[in-house]
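A.B. asks: The primary structure of each chain is shown beneath.
There are 2 protein chains.
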Amino acid sequence: MKYVNDSKDNAAGGSPVRVALDAFGGDHAPDKVILGAAAAVAEINDMEIILTGDEKTIKSRMEALGVSDKNITIVNADGVIEIEDDPMLIRTVKKESSMGKAFGLVASGRADAFVSAGSTAAMVVGATTLVGRMKGVKRPALAPLMPGISGYYMLLDGGANMECRAEMLAQFGVMGSIFMQKIMGVENPRVGLLNVGSEREKGRELEQKAYEALKNSPVNFIGNIEGRDPTMNLCDVAVTDGFTGNIYLKAIEGMGAFMKASLRGIFTASAGSKVGYLLSKKGVKALSKKTDYREVGGSPLLGIKKPVIKAHGSSDERAFKNAIHQAVNFCGAIGEIEAGIAALKEENQ
Amino acid sequence: MKYVNDSKDNAAGGSPVRVALDAFGGDHAPDKVILGAAAAVAEINDMEIILTGDEKTIKSRMEALGVSDKNITIVNADGVIEIEDDPMLIRTVKKESSMGKAFGLVASGRADAFVSAGSTAAMVVGATTLVGRMKGVKRPALAPLMPGISGYYMLLDGGANMECRAEMLAQFGVMGSIFMQKIMGVENPRVGLLNVGSEREKGRELEQKAYEALKNSPVNFIGNIEGRDPTMNLCDVAVTDGFTGNIYLKAIEGMGAFMKASLRGIFTASAGSKVGYLLSKKGVKALSKKTDYREVGGSPLLGIKKPVIKAHGSSDERAFKNAIHQAVNFCGAIGEIEAGIAALKEENQ
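Here the protein sequences line up with chains P and D, keeping their order.
First residue of the first sequence: 1, per our numbering; consecutive thereafter.
First residue of the second sequence: 1, per our numbering; consecutive thereafter.
The set of hints was computed from the structure by calculation and includes no laboratory data.
In this text, all values refer to a predicted model and were calculated from it rather than measured experimentally.
Keep in mind that a hint or two might mislead.
[Stated by the list, open to error] Under the rule of at most 27 Å between Cα atoms (straight-line distance), these lysine-lysine pairs were calculated in the BS3-like manner: (1) K2(P) - K274(P); (2) K285(P) - K2(P); (3) K274(P) - K289(D); (4) K289(P) - K95(D); (5) K202(D) - K209(P); (6) K290(D) - K274(D); (7) K138(D) - K289(P); (8) K260(D) - K274(D); (9) K274(D) - K202(P); (10) K290(P) - K281(D); (11) K95(D) - K202(P); (12) K202(D) - K282(P); (13) K260(D) - K285(P); (14) K289(P) - K305(P); (15) K282(D) - K274(P); (16) K2(P) - K56(P); (17) K95(D) - K281(P); (18) K209(D) - K209(P); (19) K289(D) - K290(P); (20) K290(P) - K2(P); (21) K305(D) - K282(D).
[What the hints assert, rightly or not] Per the computed footprint, the stretches of chain D lying under chain P, defined by three or more beta-carbons under 8 Å from a beta-carbon of chain P, are: (22) 41 to 52; (23) 158 to 168; (24) 247 to 255; (25) 273 to 283.
All C-beta atoms, glycine included, are put in the ideal place defined by N, C-alpha and C.
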């Protein structure tokens, strides 16, 4: 993963970036969260991590793992919001949970960015209600960076909104375009609308209306794209509703797992193929890295006033470290996204 | 691809199965269609092919390709319905086209099954209006057999219906289940509803209602499945609406292409990796076969009175041959699917 800003120096310029990190989100919390925080602190200058969660546990795990408290502070929290919990609880009884507290820090200005590997649904509710949407944004979108043959593209919405309207899809296009340009360094990002065919009249009423809305937006809209096109890097931003986006991204994940399992099978089939692996190892490792979500770290939630990063539920140390990198970089695009949404609104008036 | 009936002997028992084959559908028509027909005739007993299209061209191409007319007859047709044509034209001005004529043969009883690699949209319209839906079927569904880690599963709807109602999804589940059982030999097929999470209340209103409808249907409904689950073979039938299904299947296709391109890249990177390929060739070829649509041949359109097979647009000889195999096998399940739809109706009354 290459950013415009290499996040050795933070984007805030001046005071250090403070990242609120939910120490109890994800399958491997808190140990991998703590190790990821330590790795990020070692790599990124002018950055502080605020770990939220049961202070005693965090302290004892940091000690056990040999992690120093340099640039890492702890804010005590009470319990965890679980995947199976009603996500709305983040607003009320779970406000003091590790995720709720991390949102609270961002909302009150005590932190600049948020990272968690916890419940996506709770994160969408928490980000929207506790931190708040950017002015003019209808709905925030989960915006994972996805692996293509020759590089990453952004998919949005990856699952935050089951039902979408055309104007929401147009906003997704604008936000994704700005992110890809400012943070990922893609010049004039190509924005495509995920659809069942390239012709303008294809798809449901939603796609037909979104086509027009995107055409009238300030992005480089390349029209409809089909489900195989993003993987071929025929676009930089793939826009769709959150239901379709979630099915799409999980389909890609499933095929990624298929590919890895198949490669493993091929190379362990015989003594000869094991030698074959040794001879082809470099390429296999490069491919494996290409499709490894841990390289990316997490998915930004675009349309929230502050950077919010959803890390993969099964994140390990490297994934958390990279999610923190992403959060720090994301700080540099918030203002631009706000301006983009305002410009879109003006064009539509 | 393994069928219950190995299609060496046709399922009609007695008189030969007659397959109407659109000689001008697909990117490689008519040559690959003709070669596929010849290959099928050589493999399947008691089967006749009726090629539809410009008779002169077909005759001269058969001669040039050295294909005999044993068990192959030609029915002259006028023109082709193109991908970019309004699909509704198949009912009127394009009724005499190669696809329209093939449908006509099936509708009039002069053929038992239909195969074409032409426009999917025209095929859905033609099948529905010229051949007709089975009694009680709301909408036919395109039902591709998709590659999973350890075998095939059926996806439906793969793109015939952009907007679906819950009762349509329940019918898709029933039709897919019967096809997988009768034709593919899967005992008690597991039917899953494609959704964004496993919990009952997940998804849009459509999924919530379809969940109930499938639960009350006579299939082995295993509940909601996520986008990666079918590839892991966690279900035998994946049910969704045609918009989502099309995006899903193209996403899978895209990742399949990614995988193949990556393997090629790995093994051609260096002299060493070329040797690596030779040592791992068997496994690579097996994987390649697993994800090759030509193995399957085509996608049945379920819910039509007669077997209708949509072959892939880029079908070659082998793909056409396998699509014809599929059509012949499909003849054995029409009655069962009709009975399944009738039973579903009774359960819901």
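A.B. asks: Quick one: see if chain P covers the segment 41 to 52 of chain D, three-plus residues with Cβ-Cβ under 8 Å.
C.D. replies: The restraint on the segment 41 to 52 of chain D is violated, since only 0 of its residues have a Cβ under 8 Å from chain P and three are required.
A.B. asks: Just to be careful, I want the Cα atoms of K202(D) and K209(P) compared with a cutoff of 27 Å; is the pair within it?
C.D. replies: OK: K202(D) and K209(P) at ~26 Å, within 27 Å.
A.B. asks: Under the criterion that the straight-line Cα-Cα distance not exceed 27 Å, is the pair K209(D), K209(P) satisfied?
C.D. replies: holds, 26 Å
A.B. asks: Tell me if the straight-line CA distance from K202(D) to K282(P) falls inside 27 Å.
C.D. replies: Judged against 27 Å, a Cα distance of about 42 Å means the pair is violated.
A.B. asks: Hint check: K95(D) vs K281(P), CA-CA at most 27 Å. Holds or violated?
C.D. replies: Violated: K95(D) and K281(P) sit about 56 Å apart, past 27 Å.
A.B. asks: So if I understand the rule, the pair passes when the alpha-carbon distance is 27 Å or less; does K95(D) with K202(P) pass?
C.D. replies: holds, 23 Å
A.B. asks: Mind checking, does the segment 273 to 283 of chain D have 3 or more residues with a CB under 8 Å from chain P?
C.D. replies: Answer holds; 9 residues pass the 8 Å Cβ test.
A.B. asks: For the pair we were handed, K289(D) and K290(P), check the Cα-Cα distance against 27 Å.
C.D. replies: Holds, at about 24 Å.
A.B. asks: When you check the alpha-carbon spacing of K290(P) and K281(D), does it fall within 27 Å?
C.D. replies: Measuring from Cα to Cα gives roughly 23 Å; hence the hint holds.
A.B. asks: Checking one constraint from the list: CA of K290(D) to CA of K274(D), max 27 Å. Satisfied?
C.D. replies: holds, 22 Å
A.B. asks: If you draw a straight line from the CA of K305(D) to the CA of K282(D), is it 27 Å or shorter?
C.D. replies: violated, 42 Å
A.B. asks: Does the structure keep K260(D) and K274(D) at a Cα separation of 27 Å or less?
C.D. replies: holds, 15 Å
In the structure shown, a violation is registered for the earlier hints numbered 1, 4, 7, 9, 12, 14, 16, 17, 21 and 22, in ascending order.
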